[in-house]
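Participant: These protein sequences, in sequence, are chains E and Z.
Residue numbers 42 to 588, in the working numbering, belong to the letters of the first sequence in order.
Residue numbers 42 to 588, in the working numbering, belong to the letters of the second sequence in order.
No lab work stands behind these hints, which were simulated from the structure alone.
No experiment lies behind these values; they were computed from the predicted model shown.
Check each hint, because a few of them may be wrong.
[Claimed, not checked] Below, a list of computed lysine to aspartate or glutamate pairs in the EDC-like style, where the Cα atoms sit at most 16 Å apart: (1) LYS174/Z to ASP215/Z; (2) LYS449/E to ASP48/Z; (3) LYS53/E to ASP225/Z; (4) LYS174/E to ASP146/E; (5) LYS53/Z to GLU524/E; (6) LYS53/E to GLU389/Z; (7) LYS53/Z to ASP52/E; (8) LYS337/Z to GLU362/Z; (9) LYS337/Z to ASP303/Z; (10) LYS182/E to ASP215/E; (11) LYS449/E to ASP52/Z; (12) LYS182/Z to GLU158/Z; (13) LYS400/Z to ASP414/Z; (14) LYS53/Z to ASP48/E; (15) LYS312/Z to ASP48/Z; (16) LYS484/Z to GLU345/Z; (17) LYS53/E to GLU226/Z; (18) LYS449/Z to ASP52/E; (19) LYS533/Z to GLU543/Z; (20) LYS337/E to GLU362/E; (21) LYS449/Z to ASP429/E.
Protein chains: 2
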Amino acid sequence: MAAHIYDQHLDKNAANYAPLTPLTFLDRAAAVYPRRAAVIHGDRTYGYREFDERCRRLAGALVKAGVGPGDTVAVLAPNIPATLEAHYGVPMLGAVLNAMNIRLDAATIGFCLAHGEAKVFIVDREFAEVARKAVAQVERKPIVVAIDDPVAQYPAGTPDLGAIEYEDFIAGGDPGFRWRPPRDEWHAITLNYTSGTTGNPKGVVYHHRGAYLNALGDVLAFGLSSRAVYLWTLPMFHCNGWSYTWAVTAAAGTHVCLRRVDPALIYPMIKRHEVTHLCGAPIVLNLLVNAPESVKVPFDRTVEVMTGGAAPPGAVIEAMERSGFRVTHAYGLTETYGPNTLCAWQTEWQELPLVERTKMMARQGVRYLTSEDVMVADPDTMQERPFDGASMGEVMLRGNTVMKGYLKNPSASEAAFRGGWFHSGDLAVRHPDGYIEVKDRSKDIIISGGENISSLEVEEVLYRHPKVLEAAVVARPDPRWGETPCAFVTPKSDAGGLTADEIIAWCRDNLARFKVPRTVVFGPLPKTSTGKIQKFVLREQANALDG
Amino acid sequence: MAAHIYDQHLDKNAANYAPLTPLTFLDRAAAVYPRRAAVIHGDRTYGYREFDERCRRLAGALVKAGVGPGDTVAVLAPNIPATLEAHYGVPMLGAVLNAMNIRLDAATIGFCLAHGEAKVFIVDREFAEVARKAVAQVERKPIVVAIDDPVAQYPAGTPDLGAIEYEDFIAGGDPGFRWRPPRDEWHAITLNYTSGTTGNPKGVVYHHRGAYLNALGDVLAFGLSSRAVYLWTLPMFHCNGWSYTWAVTAAAGTHVCLRRVDPALIYPMIKRHEVTHLCGAPIVLNLLVNAPESVKVPFDRTVEVMTGGAAPPGAVIEAMERSGFRVTHAYGLTETYGPNTLCAWQTEWQELPLVERTKMMARQGVRYLTSEDVMVADPDTMQERPFDGASMGEVMLRGNTVMKGYLKNPSASEAAFRGGWFHSGDLAVRHPDGYIEVKDRSKDIIISGGENISSLEVEEVLYRHPKVLEAAVVARPDPRWGETPCAFVTPKSDAGGLTADEIIAWCRDNLARFKVPRTVVFGPLPKTSTGKIQKFVLREQANALDG
Numbered sequence: 042m043a044a045h046i047y048d049q050h051l052d053k054n055a056a057n058y059a060p061l062t063p064l065t066f067l068d069r070a071a072a073v074y075p076r077r078a079a080v081i082h083g084d085r086t087y088g089y090r091e092f093d094e095r096c097r098r099l100a101g102a103l104v105k106a107g108v109g110p111g112d113t114v115a116v117l118a119p120n121i122p123a124t125l126e127a128h129y130g131v132p133m134l135g136a137v138l139n140a141m142n143i144r145l146d147a148a149t150i151g152f153c154l155a156h157g158e159a160k161v162f163i164v165d166r167e168f169a170e171v172a173r174k175a176v177a178q179v180e181r182k183p184i185v186v187a188i189d190d191p192v193a194q195y196p197a198g199t200p201d202l203g204a205i206e207y208e209d210f211i212a213g214g215d216p217g218f219r220w221r222p223p224r225d226e227w228h229a230i231t232l233n234y235t236s237g238t239t240g241n242p243k244g245v246v247y248h249h250r251g252a253y254l255n256a257l258g259d260v261l262a263f264g265l266s267s268r269a270v271y272l273w274t275l276p277m278f279h280c281n282g283w284s285y286t287w288a289v290t291a292a293a294g295t296h297v298c299l300r301r302v303d304p305a306l307i308y309p310m311i312k313r314h315e316v317t318h319l320c321g322a323p324i325v326l327n328l329l330v331n332a333p334e335s336v337k338v339p340f341d342r343t344v345e346v347m348t349g350g351a352a353p354p355g356a357v358i359e360a361m362e363r364s365g366f367r368v369t370h371a372y373g374l375t376e377t378y379g380p381n382t383l384c385a386w387q388t389e390w391q392e393l394p395l396v397e398r399t400k401m402m403a404r405q406g407v408r409y410l411t412s413e414d415v416m417v418a419d420p421d422t423m424q425e426r427p428f429d430g431a432s433m434g435e436v437m438l439r440g441n442t443v444m445k446g447y448l449k450n451p452s453a454s455e456a457a458f459r460g461g462w463f464h465s466g467d468l469a470v471r472h473p474d475g476y477i478e479v480k481d482r483s484k485d486i487i488i489s490g491g492e493n494i495s496s497l498e499v500e501e502v503l504y505r506h507p508k509v510l511e512a513a514v515v516a517r518p519d520p521r522w523g524e525t526p527c528a529f530v531t532p533k534s535d536a537g538g539l540t541a542d543e544i545i546a547w548c549r550d551n552l553a554r555f556k557v558p559r560t561v562v563f564g565p566l567p568k569t570s571t572g573k574i575q576k577f578v579l580r581e582q583a584n585a586l587d588g
Numbered sequence: 042m043a044a045h046i047y048d049q050h051l052d053k054n055a056a057n058y059a060p061l062t063p064l065t066f067l068d069r070a071a072a073v074y075p076r077r078a079a080v081i082h083g084d085r086t087y088g089y090r091e092f093d094e095r096c097r098r099l100a101g102a103l104v105k106a107g108v109g110p111g112d113t114v115a116v117l118a119p120n121i122p123a124t125l126e127a128h129y130g131v132p133m134l135g136a137v138l139n140a141m142n143i144r145l146d147a148a149t150i151g152f153c154l155a156h157g158e159a160k161v162f163i164v165d166r167e168f169a170e171v172a173r174k175a176v177a178q179v180e181r182k183p184i185v186v187a188i189d190d191p192v193a194q195y196p197a198g199t200p201d202l203g204a205i206e207y208e209d210f211i212a213g214g215d216p217g218f219r220w221r222p223p224r225d226e227w228h229a230i231t232l233n234y235t236s237g238t239t240g241n242p243k244g245v246v247y248h249h250r251g252a253y254l255n256a257l258g259d260v261l262a263f264g265l266s267s268r269a270v271y272l273w274t275l276p277m278f279h280c281n282g283w284s285y286t287w288a289v290t291a292a293a294g295t296h297v298c299l300r301r302v303d304p305a306l307i308y309p310m311i312k313r314h315e316v317t318h319l320c321g322a323p324i325v326l327n328l329l330v331n332a333p334e335s336v337k338v339p340f341d342r343t344v345e346v347m348t349g350g351a352a353p354p355g356a357v358i359e360a361m362e363r364s365g366f367r368v369t370h371a372y373g374l375t376e377t378y379g380p381n382t383l384c385a386w387q388t389e390w391q392e393l394p395l396v397e398r399t400k401m402m403a404r405q406g407v408r409y410l411t412s413e414d415v416m417v418a419d420p421d422t423m424q425e426r427p428f429d430g431a432s433m434g435e436v437m438l439r440g441n442t443v444m445k446g447y448l449k450n451p452s453a454s455e456a457a458f459r460g461g462w463f464h465s466g467d468l469a470v471r472h473p474d475g476y477i478e479v480k481d482r483s484k485d486i487i488i489s490g491g492e493n494i495s496s497l498e499v500e501e502v503l504y505r506h507p508k509v510l511e512a513a514v515v516a517r518p519d520p521r522w523g524e525t526p527c528a529f530v531t532p533k534s535d536a537g538g539l540t541a542d543e544i545i546a547w548c549r550d551n552l553a554r555f556k557v558p559r560t561v562v563f564g565p566l567p568k569t570s571t572g573k574i575q576k577f578v579l580r581e582q583a584n585a586l587d588g
């Protein structure tokens with residue numbers, strides 16, 4: 042085939058091509074809104090110019106410390122300015138940020154440091170003890186930088202890491218450090234370890250192109266503008282804060298830092314800083330609506346909330362609305378930069394009865410504008426399932442906001458990308474309107490007497506019980522049925538004597554008979570640092586239950 | 042240098058990489074909002090599913106007609122559904138759309154058809170005569186498709202092109218036509234001829250990546266959401282409607298078609314369709330605010346207006362605000378997909394006196410979020426000019442929303458991209474806040490007694506005169522001063538006897554002496570189809586003036 046006229050003398054050059062990178066968001070915000078509040082932490086607020094200069098200082102200081110392109114810089118810290126700054130300062134020099142889950146144990150942190158080959162390890166003093174142990178087990182020691190956060194109230198006796206303090210470290214960097222975009226937008230920007238329930242964590246690698254695009258997708262999905270004030274209730278180490286570490290800067294909004302998810306801190310901050318947006322797993326929403334009335338400082342605006350990580354129970358959406366929040370449900374995984382689908386609002390839902398409406402809103406929805414495609418398919422044949430709201434298949438995602446792959450793990454990458462789609466491991470149906478609804482993780486489905494039971498469906502019913510604070514349902518081995526549903530329930534503090542019979546009766550009224558839990562266990566639920574209930578722990582407990 | 046860990050086994054594949062293309066916007070809108078109003082034309086409204094199907098039909102019909110990837114399809118039509126559909130249907134098969142200026146003469150249209158090697162030529166019957174003449178002069182005849190628009194009121198005797206009608210043509214295409222994204226996002230998507238004032242028009246080539254990104258930039262700059270109702274007062278053939286042909290679909294808003302920019306049509310449509318956004322050159326804004334009161338149907342919302350192509354005079358911004366519009370000023374060129382800078386609003390401007398505020402708003406501003414960079418520099422040395430509001434330089438732009446280049450014109454492309462920046466040909470200053478302000482086209486500057494006079498500055502003063510409807514200032518040769526300013530003025534219809542002396546006295550009160558026009562000519566101003574005043578015509582008139 043002859044070359045077309047459009048293929049001739051129309052090549053890329055410095056004027057018409059630039060690699061996509063979220064670093065340009067900061068550059069622009071600093072130029073256009075130099076004094077607008079970029080970061081609020083405790084009583085301190087600083088503008089976009091200062092934020093930009095601090096990130097450049099960090100980049101310069103890291104270069105001085107010997108960090109180069111393609112090297113890893115690990116951070117173990119809560120949602121504080123240093124963590125946010127690392128999202129810019131580290132990639133400014135072509136290095137890769139590994140923001141670590143602050144709930145990890147020393148052995149896992151040590152594994153990640155070694156696997157990611159971290160050259161520098163920036164640690165908030167709160168985690169000094171675990172960090173010290175982790176570093177001790179790593180052969181090639183990273184340079185440690187210690188954050189002494191004035192907003193933190195470290196308990197007496199918090200160990201000193203004997204390392205350079207973060208402020209002193211970045212003071213050695215040039216505020217005018219001249220960064221260059223990556224030569225290739227496919228260049229790695231961050232490394233995020235998945236908290237796998239078995240085996241070693243896998244290192245998910247993001248690139249500049251994907252971070253840029255998912256951040257724009259966030260801005261559009263969540264309606265961020267330069268008037269946005271974003272409260273950091275979602276961990277920045279969780280998919281880089283679902284890409285909001287970059288998205289809020291793209292919008293030139295304000296980042297409000299927060300060391301700890303605590304309603305007694307959050308409500309006053311919403312009022313004081315005029316917060317407009319926040320994100321969190323449903324468990325965080327639950328925490329907010331069930332907070333004691335005494336801490337619920339009223340605020341006079343609707344706060345937009347994006348939730349994900351698990352479907353928000355209808356009762357939680359409803360309670361949030363009553364408290365002045367508007368909930369948007371998004372869905373994604375660590376492998377997809379956080380959110381990749383969105384339960385896009387349809388105006389006609391406004392007419393629906395509350396229960397119907399919250400059911401609609403609890404679905405995982407449709408693809409983000411910046412995502413390429415989503416499909417519910419048979420994972421073996423890759424055949425798409427019908428849009429009938431009943432046929433179960435695996436959620437598959439595709440596009441520029443799917444990870445580069447797993448670090449040093451080509452076989453896991455290959456398995457994840459089988460057939461040209463990212464396999465999420467989540468089981469879902471697709472409704473006639475094209476919205477997907479996740480029914481369960483592949484491994485969370487309960488098979489009782491040959492019938493599939495969605496643990497989420499049973500949990501949804503449990504959450505609607507007025508005395509239930511939290512609930513989780515897992516399979517319990519059963520000699521006759523194979524498996525039966527086993528419910529773990531945390532009653533509300535004012536629930537009085539909630540009994541197993543009461544729970545079972547409630548489920549009989551609201552569920553098909555075979556889906557009703559045979560066993561009910563009361564008590565607090567084990568959770569990950571991001572608020573996800575650890576079903577594998579519950580499964581072990583269910584296995585160990587006596588007859 | 043050894044390969045980094047991040048360069049190993051982390052390659053692109055079908056799951057994690059997709060070429061960026063605005064075609065995905067339509068695909069998503071059709072899937073998520075199938076019944077939401079996509080296009081309104083006359084009394085007909087159709088939803089996103091139907092819009093998508095019509096575009097697929099067009100693609101399928103073009104394939105049947107022998108059009109293939111890299112071929113050109115030309116359209117000569119006003120802002121009607123067919124023009125919009127061509128923005129999707131043509132690239133769906135990998136072909137390139139050339140949306141032509143409907144004011145062009147037959148010779149120029151013929152030149153463009155031949156130069157762009159158009160295989161198909163879609164023509165609204167309104168332009169049948171000029172199209173027939175144009176085709177007659179082209180050696181390799183394109184297939185002609187004739188649009189018989191039911192909304193048009195063609196005058197009796199409008200010739201028939203003897204060609205297949207557009208609806209019949211697309212009826213032959215498959216509504217389920219399966220398009221594929223371009224193999225490479227750098228693939229051409231559209232061809233736009235610049236209406237050069239001398240010589241043959243140059244063919245500006247856009248690619249899928251740039252169209253995708255500038256459309257997102259538009260959505261963010263103009264605050265489009267799925268509730269947006271966009272009235273097509275800006276020609277779709279002008280930089281593909283400043284990329285709004287794609288942006289409105291990205292937001293899943295509503296496109297309201299409009300055959301003719303006429304306030305007597307526009308005001309009732311704003312009210313009837315609850316229009317939220319529209320774009321236009323300042324001349325269109327002027328037309329709206331100076332419309333007879335009888336056609337100004339009141340509407341009860343603020344309509345967002347983006348203007349560009351020339352700086353909006355402060356008096357026009359002010360009058361627009363009084364009429365219920367809010368004006369945002371953007372700047373760009375055909376070579377930059379339309380807008381590439383934006384006069385981003387700063388909250389503190391709200392405090393400024395009206396004249397100061399509109400002065401701020403009339404500046405061309407700062408780069409779009411999706412643009413890489415803007416600079417005001419010496420075009421020879423490429424040295425950036427100081428941010429002092431006084432030092433003049435050429436506006437240079439850089440990034441993914443700069444054209445691929447000029448079709449079949451490598452030397453023009455090379456000149457335009459000299460030094461790694463796109464040279465705009467516009468002269469500007471940069472203010473201490475980083476905002477650029479265009480002072481003139483390089484060729485429009487007036488040099489009098491060795492002093493530079495910005496024709497825009499003089500025009501701004503003229504527009505503030507209560508009896509002036511429109512004004513333009515050009516250089517007139519002068520034996521003593523080299524050049525002097527010559528003002529062309531259109532008085533308002535109710536202005537009564539406006540005299541040259543009155544104009545000159547007004548300018549003396551508001552300008553430095555040497556900037557005051559020596560000559561004032563009254564009458565209507567010659568304009569391009571996009572409402573730009575044709576200064577080259579005025580310059581010829583000024584040259585020809587007696588003594």
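Participant: Determine for every hint whether it applies to the structure shown.
Facilitator: Structure-based check of each hint:
Note on LYS174/Z and ASP215/Z: the hinted pairing is violated, with a Cα-Cα distance of about 32 Å set against a maximum of 16 Å. Our distance criterion of 16 Å between C-alpha atoms is met by LYS449/E and ASP48/Z, whose separation comes to about 10 Å. At most 16 Å may separate the alpha-carbon atoms for a hinted pair to count; LYS53/E and ASP225/Z meet this at roughly 12 Å. Of the supplied pair hints, the one linking LYS174/E and ASP146/E holds, its CA atoms being roughly 9 Å apart against a limit of 16 Å.
The suggested pairing of LYS53/Z with GLU524/E is violated, with an alpha-carbon distance near 41 Å, which exceeds 16 Å. For a cut-off of 16 Å, the pair hint linking LYS53/E to GLU389/Z is broken: about 40 Å separates their Cα positions. About 22 Å separates the Cα atoms of LYS53/Z and ASP52/E, which puts this hinted pair outside 16 Å; it is violated. For the suggested pair LYS337/Z and GLU362/Z, the alpha carbons sit about 14 Å apart, so the restraint of at most 16 Å is met.
Our distance criterion of 16 Å between C-alpha atoms is met by LYS337/Z and ASP303/Z, whose separation comes to about 11 Å. A hinted pair counts as satisfied when its Cα atoms are at most 16 Å apart, and LYS182/E with ASP215/E does not qualify at roughly 26 Å. A C-alpha spacing of about 12 Å is found between LYS449/E and ASP52/Z, which places the hinted pair at or below 16 Å, so the restraint holds. A threshold of 16 Å between alpha carbons decides the hint, and for LYS182/Z with GLU158/Z the separation of about 9 Å falls inside it, so the pair holds.
Between LYS400/Z and ASP414/Z the alpha-carbon distance is near 23 Å, which puts this suggested pair outside the 16 Å criterion. Annotation: proposed proximity of LYS53/Z to ASP48/E is violated, straight-line Cα distance about 23 Å (limit 16 Å). With a C-alpha separation of about 57 Å, the suggested pairing of LYS312/Z with ASP48/Z is violated against the 16 Å cut-off. Proposed proximity of LYS484/Z and GLU345/Z is contradicted: the alpha carbons are some 32 Å apart, above 16 Å.
Distance check on the hinted pair: LYS53/E and GLU226/Z sit about 12 Å apart at the alpha-carbon level, within 16 Å; holds. Between the alpha carbons of LYS449/Z and ASP52/E the distance comes to roughly 12 Å, so the proposed pair stays at or under 16 Å and holds. Among the hinted pairs, LYS533/Z with GLU543/Z is consistent with the structure: their alpha-carbon atoms are about 14 Å apart, no more than 16 Å. A threshold of 16 Å between alpha carbons decides the hint, and for LYS337/E with GLU362/E the separation of about 14 Å falls inside it, so the pair holds.
Annotation: proposed proximity of LYS449/Z to ASP429/E is violated, straight-line Cα distance about 52 Å (limit 16 Å).
Hints 1, 5, 6, 7, 10, 13, 14, 15, 16, 21, counting from the list given before, are not met by this structure.
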